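K.L.:
Chain by chain, the residues:
Protein chains: 2
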Amino acid sequence: MNLRFFGISGIPMVQPGDDLVGLMDEGLIRMDETFENQDVIVIAQKIVSKAENRYVDLTKVSPGDEAKQIAVEVDKDPRKVQVILDESKEVIRACPGVLVVEHRLGFVHANAGIDQSNITNETGDDEDLCLLLPLDADASARRIRHDIRDRFGIEVGVIINDSMGRAWRMGTLGLAIGVAGFTALEDYVGKTDLFGKELAVTRVAAADEMAAGASLVMGQTIEKIPAVLVRGYGPSDPEEQAQRGVVPLIRPKHMDLFR
Amino acid sequence: MNLRFFGISGIPMVQPGDDLVGLMDEGLIRMDETFENQDVIVIAQKIVSKAENRYVDLTKVSPGDEAKQIAVEVDKDPRKVQVILDESKEVIRACPGVLVVEHRLGFVHANAGIDQSNITNETGDDEDLCLLLPLDADASARRIRHDIRDRFGIEVGVIINDSMGRAWRMGTLGLAIGVAGFTALEDYVGKTDLFGKELAVTRVAAADEMAAGASLVMGQTIEKIPAVLVRGYGPSDPEEQAQRGVVPLIRPKHMDLFR
Numbered sequence: 046m047n048l049r050f051f052g053i054s055g056i057p058m059v060q061p062g063d064d065l066v067g068l069m070d071e072g073l074i075r076m077d078e079t080f081e082n083q084d085v086i087v088i089a090q091k092i093v094s095k096a097e098n099r100y101v102d103l104t105k106v107s108p109g110d111e112a113k114q115i116a117v118e119v120d121k122d123p124r125k126v127q128v129i130l131d132e133s134k135e136v137i138r139a140c141p142g143v144l145v146v147e148h149r150l151g152f153v154h155a156n157a158g159i160d161q162s163n164i165t166n167e168t169g170d171d172e173d174l175c176l177l178l179p180l181d182a183d184a185s186a187r188r189i190r191h192d193i194r195d196r197f198g199i200e201v202g203v204i205i206n207d208s209m210g211r212a213w214r215m216g217t218l219g220l221a222i223g224v225a226g227f228t229a230l231e232d233y234v235g236k237t238d239l240f241g242k243e244l245a246v247t248r249v250a251a252a253d254e255m256a257a258g259a260s261l262v263m264g265q266t267i268e269k270i271p272a273v274l275v276r277g278y279g280p281s282d283p284e285e286q287a288q289r290g291v292v293p294l295i296r297p298k299h300m301d302l303f304r
Numbered sequence: 046m047n048l049r050f051f052g053i054s055g056i057p058m059v060q061p062g063d064d065l066v067g068l069m070d071e072g073l074i075r076m077d078e079t080f081e082n083q084d085v086i087v088i089a090q091k092i093v094s095k096a097e098n099r100y101v102d103l104t105k106v107s108p109g110d111e112a113k114q115i116a117v118e119v120d121k122d123p124r125k126v127q128v129i130l131d132e133s134k135e136v137i138r139a140c141p142g143v144l145v146v147e148h149r150l151g152f153v154h155a156n157a158g159i160d161q162s163n164i165t166n167e168t169g170d171d172e173d174l175c176l177l178l179p180l181d182a183d184a185s186a187r188r189i190r191h192d193i194r195d196r197f198g199i200e201v202g203v204i205i206n207d208s209m210g211r212a213w214r215m216g217t218l219g220l221a222i223g224v225a226g227f228t229a230l231e232d233y234v235g236k237t238d239l240f241g242k243e244l245a246v247t248r249v250a251a252a253d254e255m256a257a258g259a260s261l262v263m264g265q266t267i268e269k270i271p272a273v274l275v276r277g278y279g280p281s282d283p284e285e286q287a288q289r290g291v292v293p294l295i296r297p298k299h300m301d302l303f304r
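For the protein sequence lines, the chains are A and B, in the order given. With this note's numbering, the residue at position 33 of the first sequence is 78, and numbering never jumps. With this note's numbering, the residue at position 10 of the second sequence is 55, and numbering never jumps.
Treat the hints with care, since some could be wrong.
Note: identical chains are not told apart, hence a pair may lie in one copy or across any two.
[To be verified] With a Cα cut of at most 25 Å, we get these calculated DMTMM-like pairs of lysine to aspartate or glutamate:
#1 LYS113 <-> ASP173
#2 LYS134 <-> ASP301
#3 LYS298 <-> GLU147
#4 LYS121 <-> ASP232
#5 LYS121 <-> ASP301
#6 LYS269 <-> ASP232
#7 LYS269 <-> ASP131
#8 LYS298 <-> ASP120
#9 LYS269 <-> GLU231
#10 LYS121 <-> ASP70
#11 LYS134 <-> ASP77
#12 LYS121 <-> ASP171
#13 LYS105 <-> ASP301
#14 LYS298 <-> GLU172
#15 LYS121 <-> ASP102
#16 LYS269 <-> GLU71
#17 LYS269 <-> ASP120
#18 LYS105 <-> GLU135
Hint data in this document are derived by calculation from the structure and do not stem from the laboratory. Since the model is a prediction, treat every value here as computed from it, not as a measurement.
Produce the complete structure using the sequences and hints provided.
P.N.:
Here it is in structure tokens:
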């Protein structure tokens with residue numbers, strides 16, 4: 046199998062309400078490319094959130110007592126902590142500089158995935174602006190997938206990725222937060238190795254592996270290459286596992302040994 | 046940036062002492078490809094361990110008391126538990142079916158990365174055979190890198206990858222366990238975003254992202270595509286950060302909030 050990751054560059058700063066599929070298509074046209082069946086499109090969470098206007102103006106946030114208390118503990122703006130708590134089910138770890146939560150979508154994520162870089166408002170005054178994750182990242186991925194099908198008659202997989210930290214390793218990794226038309230977790234349970242012995246590693250986080258590879262192409266100043274077209278992975282199954290979105294990648298709380 | 050991941054297929058079953066660079070080169074020739082400067086070669090741990098003869102015959106292992114006790118707890122072969130303990134600094138979590146340790150190379154890894162699939166001995170009797178991680182995976186990566194330089198005059202990065210589980214997410218991900226000639230952790234500390242604001246996410250686990258992307262190409266029956274050539278990433282810095290191997294990706298114990 047050969048995989049190609051095409052960075053879709055030249056996408057302008059995304060504004061609320063922008064047509065992401067149109068912007069990606071224009072980028073592909075500049076590259077003499079088009080969407081093809083079985084392509085997988087990996088899109089940075091940031092531009093999805095921007096298009097969905099997931100901004101919060103901190104000047105309009107009144108932190109409660111819990112947020113104020115945690116803010117001291119973690120040394121962050123109490124208004125931002127309030128926004129993080131509003132996006133979370135549970136605080137997993139809080140210590141100076143670190144606030145790891147279970148996001149309401151189920152991911153364990155530092156600061157609930159909220160960030161303040163590469164965003165601005167019309168006046169350029171962005172000190173008090175935060176950008177949340179999409180309301181429902183699987184639904185966002187599905188909308189983009191359906192939009193591509195409706196406009197171009199092409200069936201693609203869509204993965205929305207975001208940079209996440211890890212418990213035991215340094216540095217962030219781009220991982221999947223929303224998936225559509227792609228089997229997020231490849232299940233090899235019951236399959237055998239080359240000698241007929243049952244495989245030890247039975248489930249592979251395929252959407253995370255693709256999200257990570259695409260993240261390399263996006264680089265850090267994410268707005269420059271906020272979307273990556275991946276070609277060569279082959280058919281996913283849009284009708285069965287793929288309908289479950291990112292859910293199979295989220296470890297249920299009762300199976301979590303580390304919180 | 047466009048990245049291409051070429052799976053090097055047709056590599057025969059690797060035996061102790063085999064010449065991995067020669068086998069990869071033959072695979073590339075069959076694909077009408079050659080090593081090029083700035084390519085990154087991602088190699089499955091399994092074939093590196095096999096070439097380095099990292100087999101352990103369980104019939105020659107006498108489990109000690111600690112191994113016997115843990116074996117009951119985790120419901121595994123006490124001889125295998127002994128081998129895992131021998132490869133580890135510390136047990137992180139032990140419960141039925143799960144034995145997570147700090148490997149002596151620093152990674153937090155289930156079963157110390159030891160596995161029993163896709164391995165066999167000359168007689169085909171492999172029930173009692175285990176394969177350990179390389180003795181020093183960074184050194185293995187360096188040897189392969191230097192071998193390619195010596196034989197072809199080409200400077201490549203080398204990453205050895207292995208499938209690892211995660212604390213909060215399901216499924217394994219191919220991550221780096223040995224790195225040479227490649228900056229494992231890209232540091233953006235002090236760099237600014239498009240608006241001149243300092244970046245929030247400052248360090249990206251580039252070697253892990255590449256290892257993960259390559260893992261998708263390898264698929265699960267790893268012996269079939271045990272090496273992937275990645276082209277298009279651009280220059281790494283073999284003289285500075287890249288000399289540190291995988292070490293920058295390993296979270297120091299004092300920074301670990303989750304053990």
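K.L.:
Could you place LYS298 and GLU172 in one of the four classes (within, between, both, neither) given a Cα distance threshold of 25 Å?
P.N.:
neither (35 Å within a copy, 35 Å between copies)
K.L.:
How would you classify LYS121 and ASP102 at a CA-CA limit of 25 Å: within, between, both, or neither?
P.N.:
For LYS121 and ASP102, only the intra-copy Cα distance (16 Å) is at most 25 Å; the inter-copy one is 54 Å.
K.L.:
As a check of your reading, is LYS105 near GLU135 (CA-CA no more than 25 Å) within one copy, between copies, both or neither?
P.N.:
Classified as within: same-chain Cα gap 23 Å, cross-chain 48 Å, threshold 25 Å.
K.L.:
Tell me, please, which holds for LYS269 and ASP232 at an alpha-carbon limit of 25 Å: within, between, both or neither?
P.N.:
Between copies only: 18 Å across, 34 Å inside.
K.L.:
When no copy is named, should LYS121 and ASP70 be tagged within, between, both, or neither for a Cα gap of at most 25 Å?
P.N.:
So LYS121 and ASP70 fail the 25 Å test inside a copy (39 Å) and across (53 Å) alike.
K.L.:
Checking LYS269 and ASP131: alpha-carbon separation at most 25 Å within a copy, between copies, both or neither?
P.N.:
For LYS269 and ASP131, neither the intra-copy (30 Å) nor the inter-copy (47 Å) Cα distance is at most 25 Å.
K.L.:
Is it within a copy, between copies, both, or neither that the alpha carbon of LYS269 lies no farther than 25 Å from that of ASP120?
P.N.:
The answer is neither: 31 Å in one copy and 50 Å across copies each exceed 25 Å.
K.L.:
Checking an output row: LYS121 and ASP232, CA cutoff 25 Å. Within, between, both or neither?
P.N.:
The answer is between: 23 Å across copies meets 25 Å, while 41 Å in one copy does not.
K.L.:
Classify it for me, LYS121 with ASP301: is the Cα-Cα distance of at most 25 Å met within a copy, between copies, both or neither?
P.N.:
between (27 Å within a copy, 20 Å between copies)
K.L.:
Could you figure out if LYS269 and GLU231 sit no more than 25 Å apart (CA to CA) within one copy, between two copies, both or neither?
P.N.:
between (31 Å within a copy, 17 Å between copies)
K.L.:
When Cα atoms must be at most 25 Å apart, do LYS113 and ASP173 count as within-copy, between-copy, both, or neither?
P.N.:
Close inside one copy (17 Å), not across copies (58 Å); limit 25 Å.
K.L.:
Reference check for the pair LYS269 and GLU71, CA-CA at most 25 Å: within, between, both, or neither?
P.N.:
within (14 Å within a copy, 38 Å between copies)
Checked against the numbered hints given earlier, this structure breaks hints 7, 10, 11, 13, 14 and 17; the rest are met.
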